[in-house]
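Asks: Sequence:
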Amino acid sequence: MRDSDTFTAHATRCRQEADAATLDNVRDRSLRAEAAWAAMAERSLKSETARDAREARPLEEVAPEVFLPTGR
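Numbering (the UniProt record's numbering), first residue to last: 1 to 72.
Hints may be right or wrong, so weigh each one.
[Claimed, not checked] Straight line, CA to CA, 20 Å or less: simulated SDA-like cross-link-like pairs of lysine to any residue: (1) 46 to 36; (2) 46 to 8; (3) 46 to 16; (4) 46 to 9; (5) 46 to 30; (6) 46 to 17; (7) 46 to 7.
Since the hints were made in silico from the structure, they are not lab data. These numbers come from a predicted model, not from an experiment.
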């Protein structure tokens with residue numbers, strides 16, 4: 001499970017807690033927590049997407065100097 005999945009699950013749980021809350025302060029706290037978890041999930045997803053794209057690049061493209069002829 002990736003971090004973004006974990007953060008999204010936490011946000012969902014906080015939303016459920018907010019929906020079930022009977023006290024305003026508890027609902028507000030849960031909604032703030034949901035927003036924080038959702039923001040972390042979004043940032044994490046961007047990082048994961050960039051990492052996946054970077055790792056998918058062929059090694060020749062990432063480090064072409066390794067593949068240059070040595071003249072031997």
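Asks: Please list, smallest to largest, the hint numbers that this structure does not respect.
Replies: 3, 5 and 6
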